[in-house]
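> These are the residues of each chain, in order.
Protein chains: 2
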Amino acid sequence: MNQKKYIYFFGGGKADGNGQMKDLLGGKGAGLAEMTNAGIPVPPGFTITTEMCTYFYQHDGKLPEDFDQQLKENLKKLEELTGKKFGDPKNPLLVSVRSGAKISMPGMMDTILNLGLNDEAVKGLAENSGDERFAYDAYRRFIQMFGNVVMGIDKNEFEKYLEEKKKERGVEYDSELTADDLKDLVEKFKQVYKEKTGEEFPQDPMVQLKMAINAVFKSWNNPRAITYRKINKIPDDLGTAVNVQTMVFGNMGNDSGTGVGFTRNPSTGEKEFYGEYLTNAQGEDVVAGIRTPKPISELEKEMPEVYKQLREITEKLEKHYKDVQDFEFTIEKGKLYMLQTRTGKRTPMAAVKIAVDMVKEGLITKEEAVMRIEPAQIEQLLHPIIDPKVKVEPIAKGLPASPGAASGKVVFTADDAERKAKEEPVILVRIETSPDDIHGMNAAKGILTSRGGMTSHAAVVARGMGKPCVVGCGELQVDEENKVIKVKDKEIKEGDWITIDGGTGNVMIGEIPTVEPGLKGEFKTLMEWADEFRKLGVRANADIPRDARKAREFGAEGIGLCRTEHMFFAPERLPIVQEMIMAETEEERRKALDKLLPFQKEDFKGLFREMAGFPVIIRTLDPPLHEFLPKREELMVEIALMKEKGEDPKKIEEKEKILARVEQLHEFNPMLGHRGCRLGITYPEITEMQARAIMEAACELAKEGVEVIPEIMIPLVGNVNELRNQKEVVVKVAEEVMKKYGVKVKYMVGTMIEIPRAAITADQIAEEADFFSFGTNDLTQMTLGFSRDDAGKFLPYYIEKKILKEDPFMTLDQEGVGQLVKIGIEKGRKTNPSLEIGICGEHGGDPESVKFCHRVGMDYVSCSPYRVPVARLAAAQAAIEEKMKEK
Amino acid sequence: MNQKKYIYFFGGGKADGNGQMKDLLGGKGAGLAEMTNAGIPVPPGFTITTEMCTYFYQHDGKLPEDFDQQLKENLKKLEELTGKKFGDPKNPLLVSVRSGAKISMPGMMDTILNLGLNDEAVKGLAENSGDERFAYDAYRRFIQMFGNVVMGIDKNEFEKYLEEKKKERGVEYDSELTADDLKDLVEKFKQVYKEKTGEEFPQDPMVQLKMAINAVFKSWNNPRAITYRKINKIPDDLGTAVNVQTMVFGNMGNDSGTGVGFTRNPSTGEKEFYGEYLTNAQGEDVVAGIRTPKPISELEKEMPEVYKQLREITEKLEKHYKDVQDFEFTIEKGKLYMLQTRTGKRTPMAAVKIAVDMVKEGLITKEEAVMRIEPAQIEQLLHPIIDPKVKVEPIAKGLPASPGAASGKVVFTADDAERKAKEEPVILVRIETSPDDIHGMNAAKGILTSRGGMTSHAAVVARGMGKPCVVGCGELQVDEENKVIKVKDKEIKEGDWITIDGGTGNVMIGEIPTVEPGLKGEFKTLMEWADEFRKLGVRANADIPRDARKAREFGAEGIGLCRTEHMFFAPERLPIVQEMIMAETEEERRKALDKLLPFQKEDFKGLFREMAGFPVIIRTLDPPLHEFLPKREELMVEIALMKEKGEDPKKIEEKEKILARVEQLHEFNPMLGHRGCRLGITYPEITEMQARAIMEAACELAKEGVEVIPEIMIPLVGNVNELRNQKEVVVKVAEEVMKKYGVKVKYMVGTMIEIPRAAITADQIAEEADFFSFGTNDLTQMTLGFSRDDAGKFLPYYIEKKILKEDPFMTLDQEGVGQLVKIGIEKGRKTNPSLEIGICGEHGGDPESVKFCHRVGMDYVSCSPYRVPVARLAAAQAAIEEKMKEK
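Residue numbers (this note's numbering), protein chains in the order written: chain A, 1 to 887; chain B, 1 to 887.
Chain A extracted, bound-state conformation (with noise of 0.2 Å):
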């Protein structure tokens, strides 16, 4: 008789499914037949297939007529395999009946466990386990799921009778409840069911399953789910399967038991056995605490035949899997049961000590080796990190802004941070730091900020700098006036030492151990894989010598952005930039500029020096000038109060000449106002003094026979004829600089593509520039009218409430602004074939957002030096899933 097969066994080394049957088993059944086949000791039991699922919905609730039959032979080679039997009060059989979809949709449907149990089967649980008290507690809870998912009782009818025992009783917790105490609940329990239900609580194992079947099925239409299926665009016929799988427990006596492991180290790589167990116990008891778990190499001596069966299993789950295990056992009366398996978290160092390990041991590829790796976690890595052997206890948690762990005294302003840096290490605690903060951040080893998100200021220039930063501490109260942290119930003073996590975002009191893995040993060999298969090249943005060099050390091939404005608040440049700014007449300005040449020169020629060979893109003057000068606010209530108190009126009118100055420059939305190539259109002679700077240096190296090759970059470019005017100057300036020098430097000059507009309008862009490089971040926040500055107001509850999926300044928005990046590629290279196309906005450190430059056809990504490495596998990932997908 060829009848339908509804329900496949597994079992016993051996299952009908297999691990390629999703669609009809689900993906858990077909996870434990692939396990069983393998020889892996799973719990025997059997799945109901995919297709019940729709022939229920499609039939009104009902199931096949030969369903029952099949269900009983299954459940029959269930009993005939483990020896128990349904119901049985000496040897029970009990089982645990999951949902299990094609796609996984953790949480959306019902599960329950420990079917099987009536007033009989208790008893031999009871005598099995030798614990009256769990056999009861089983079976209560067993009463509650049921009522609850199969009925839909409310739990509250079951848990209020808890409460009340637990009050009559005067304990606090359920675990403080007897065994006597339970099964007086176990009759409570039932009387509500029967109150609720109108029947007695069904003590026929087999009308429990087929009706906790009838419940895992209707489950897949409960309006959670459904919207689950909604928002994830799954479709609503694919159905779930039922998996009813036997029950084990650890708690048999002492030849039974229960643990955890690992088959790797999971904190170092290590190749060691990795674990630990409690011999009479269930899962909960490792979990919960109360009792110390042993080391798994006692397990050795407790069991030895079990320990060589976990060792052989585990091994061959390692080699089936290609990748370090994460598993759960239990031991039943000596015989092992793998509960779970699953692929095992591990620290950043571990991740990549395994990868290359499983390379050499022949187990992956190098390119299963570079895909394993998560890109983001490798960051951390190339910072120092609190010590895996110590035990931290965090005061406070920020946002992990800037990777790295630092201890240092606490000082709280810049000034204090770069006085006292001198003799020892301090962390410069603000609420938020501004760019006149920026030598004390230079100074100390970490910064702390109880405000800020996660691209505040001090987050970026921190990322930049590459020093450990935490943000938005929200729970420290930070009174820089009185120079104190109040947090709890404790203070933290100046000079008190603490310590802060940038990769976790963890404030600890007191100094703690730290180590630094760096770029070398097994993380050195996968990045140089990484390079074997990447085609993105990987710039660093990076302003000053030191930063380049650290660069280069990290791999990077050349500067994709150098931010001239920040040598502008060097404490002897300032001055003179503000004197420039203020200057009344254009040859007052030129005067300033002449001052600042030479220092200008002079960083040049340490960035081309440190990049030797490779290309140094450099962005003319970008912010507004208003931000190298006093606030304005400031500056109102200074004057005010000078008048009240009847200050000198010269005095008074300094200021006010300044305050005039400011108020001119004053803007509503500097973000939108007079900044970028609007400033060196509206004073050529600012652009002309920088290109000078660049030309002059760059010569001075060639003649000494560096090889120097510089892009001069022209910021917020928004329309074509902004760049042919400030294109105009900087080649003017160039062939008079080289004509002095009497060398020929190849020099470009390029634009930032940061302006929706000028992605739009590429094409005519293109045929004045040399390069593109999309200015991410300021093309995000026009794209999207989101302020950097300013989003912390709603974009945590944005994404809190799921309207976006993650911060788009951290990662690209592929749907929006990616799609201008994508026409600005098309538009560019339409009318300019050989542009040279890169992105040098915070993205550029973002592996999702780098797998996008490289998918778009970018040249190169650029981001801070301590993101290089990061990029360069990320690259790598990109290029090996576009050649995975070719196949």
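Hints were generated in silico from the structure; no laboratory data involved.
Treat the hints with care, as some may be off.
Remember, identical chains collapse to one label, so a pair may be satisfied in a single copy or spanning two.
[To be verified] In silico lysine to aspartate or glutamate, EDC-like type, Cα no more than 16 Å apart, as pairs: (1) Lys490 x Glu475; (2) Lys397 x Asp23; (3) Lys793 x Glu667; (4) Lys793 x Glu663; (5) Lys801 x Glu728; (6) Lys155 x Glu195; (7) Lys535 x Asp763; (8) Lys883 x Glu532; (9) Lys655 x Glu638; (10) Lys827 x Glu815; (11) Lys631 x Glu663; (12) Lys271 x Glu315; (13) Lys657 x Asp110; (14) Lys631 x Glu667; (15) Lys322 x Glu34; (16) Lys397 x Glu300; (17) Lys535 x Glu882; (18) Lys655 x Glu579; (19) Lys535 x Glu881.
With chain A's structure known, arrange chain B on it following the hints.
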């Protein structure tokens, strides 16, 4: 012999060429041929073809061998026709030699006048004109012009002798030199010519002519002309023609004269012959104003034949060109010549009358009438204008920000305006206005500011109110504190009368009479015709019933944008709004919102009533909340001073509480901050209240039988999830309200498309939207990265330097922003074909932008009420243009 024709003659009522031969004869040559053929007496002459220019360049500056022959033949013909002879000492033939390419290149190439003068001919000219001084002046000018244009001698080489002569004679102006002085100069100039060229000044007119023709051909490739062609994309190989035309003179006795005229009155449009003339005079004399010209009617008495001929010719001209002609004529010894005729400039009022009259006369079609009116002009017809009969003397000129003329007494604060306006008309004068000034602007007859551009606050609000406004009048020094305006050497005090003209930007002292043309008579007729042709709907932006009524009068078919927040500034509401903002809990906030609800509901009822039967789009709250609170810096100063003065700590604390909230709300770039739907999402209770007010108003009116069509618009959407979120809130409230009232109202929920990302992801957004309204103000700000409030710092410079062609906030940037609009429409209609699409930015009232909206397939445009007729006309023109293109 089939000889190739190099030269085309015109004169004596017949021309070799015709008006179609622009390729061969250039634009000017073809025009002269056309007029000649039409029987218009233009001074005769001939045109050397553009082929000769090409030949000239292909043959190293030579012309064909038989060219000379044709030149001589044509010259002979010319001498015969005019009865004059080249070089004749009695009656010399003088000609002009001018370039004339197919495409006009004004001022780019060279012109030589009075060619033919030499030592003999000058005597003939003196005798004929009876004015020796005139003849020698013409001669010395000719030598200078010839020397400069043909031989490349620097003008200053001649000018310096002129200066010397004036110094010698102790006079200031050229006109004070005598005939003898000029004879002297002629000798000096000839001497210069010889010194610089090594040759005598050519006395043979034929030699002069050939040299001049060569020079004109050469001028085709002078650097100015090459650059001009490059910029305007005119092919270099077109070549220029050369026009040789007889000079005629009106100062040859009392049977000579010169004049100008219009075929209809250019001020009023009345059909009347209009002009003035001088007997025995040159054109210059009319312009110079030394002699007072006579009205043209007198010519009828003085030279009846000529007058009759002139009337006939000008009527013919008007019929030929089908438009009012502005003509110049000269009578040389009783013979009438038309020197120039062109389409006559006219006032907007005249333009409308003339177009409508001409249709009635059967001269042009309705389409032609509609196409002939500049839409931007007609806005002026809706506002009072300075009485055309009055001569005005402006004391200063600013930007014409909002048309209309208004007189009133000067006030300097919004409060003063409100108070004093109850008694007499006032003009509010401010350095610049802010939202706090709205009530004063509302009360004043007009607004005048010394700062700000065409899109400053004052300009935008005034246009919205339809109130005359002049902004950016930098000549005025407005001293708000001392309530006085200084301008030049005058002072205008509070209470003094002034008049402003928002159509011209003029500011006058005193009360100047005005007239109001209004939407009636010919204007009304024209608009009715426009409506016959246009396909685009026209709605108005209006926030209050009064504006809505005005909009209906002007033909608006609904409201495209009601900004609810404008209702929040009313004095009785602002405290409630502030209470809402200061609320610390949702409950407190809801309490304040409950108080606002009745106000908003009444507002909406008023609008719905005015717009019965038409759609009304109401936008939910848009601006950032801090706009409703006092200014941050002002509070800071106030508190600092209160502390310094030791004022009551309780009062200080109160202020500090407000400052704390202001600080919390403070944003670096409010344009990109917490506003628009971001507010509604974080405070859904605000959207709820507004939706309730709208729907309750709608339901109450619907029950009264008024047809209401509410469209609720969510601002600043960049992601479909934002719209989904707010739509849910709106729909829930709407259904609730309709249930409560027991009435069904058809309503729509849609969104502004004003963030670049919204346009890019319009396909997703359209799935949730019933309508799109392009908010091109913000879309321009973000697409171009220009803050409208700050762009004044560089935008004027950009336009001056031609980096931008026009202010993108006035006229839509079609290449940039327009592309996003197109993408938005295409994507939106793809997923939602029934999507209603319009525009509600400032551009909705700009004619070029309206035409763009038609071309990209929008359903309607929305603009301020006074621009509704402008938009109607522009929309009609767009439809007609499209039809013409299809033909």
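> How do Lys657 and Asp110 come out at 16 Å by Cα distance, when the copy is not named: within, between, both, or neither?
Neither: 73 Å inside a copy, 51 Å across copies.
> From the Cα coordinates, with 16 Å as the cut-off, is the pair Lys655 and Glu638 best called within, between, both, or neither?
Within one copy only: 9 Å inside, 19 Å across.
> Please sort Lys490 with Glu475 into within, between, both or neither, judging by C-alpha distance up to 16 Å.
For Lys490 and Glu475, only the intra-copy Cα distance (11 Å) is at most 16 Å; the inter-copy one is 63 Å.
> When no copy is specified for Lys535 and Glu881, does a C-alpha distance of 16 Å or less occur within a copy, between copies, both, or neither?
within (12 Å within a copy, 51 Å between copies)
> Using 16 Å as the alpha carbon limit, work out where Lys397 and Glu300 are close: within a copy, between copies, both or neither.
neither (41 Å within a copy, 99 Å between copies)
> Could you place Lys631 and Glu667 in one of the four classes (within, between, both, neither) given a Cα distance threshold of 16 Å?
both (12 Å within a copy, 14 Å between copies)
> Are the CA atoms of Lys793 and Glu667 at most 16 Å apart within a copy, between copies, both, or neither?
For Lys793 and Glu667, only the inter-copy Cα distance (9 Å) is at most 16 Å; the intra-copy one is 21 Å.
> When no copy is named, should Lys535 and Asp763 be tagged within, between, both, or neither for a Cα gap of at most 16 Å?
For Lys535 and Asp763, neither the intra-copy (25 Å) nor the inter-copy (33 Å) Cα distance is at most 16 Å.
> Tell me, please, which holds for Lys535 and Glu882 at an alpha-carbon limit of 16 Å: within, between, both or neither?
within (11 Å within a copy, 50 Å between copies)
> Give the relationship of Lys827 and Glu815 under a CA distance limit of 16 Å: within one copy only, between copies only, both, or neither.
This pair counts as between: shortest inter-copy Cα distance 13 Å, intra-copy 18 Å.
> Checking Lys801 and Glu728: alpha-carbon separation at most 16 Å within a copy, between copies, both or neither?
between (49 Å within a copy, 14 Å between copies)
> 16 Å Cα cut-off: does Lys322 pair with Glu34 within a copy, between copies, both or neither?
For Lys322 and Glu34, only the intra-copy Cα distance (15 Å) is at most 16 Å; the inter-copy one is 90 Å.
Violated hints for the displayed structure, listed by number in ascending order: 2, 7, 13 and 16.
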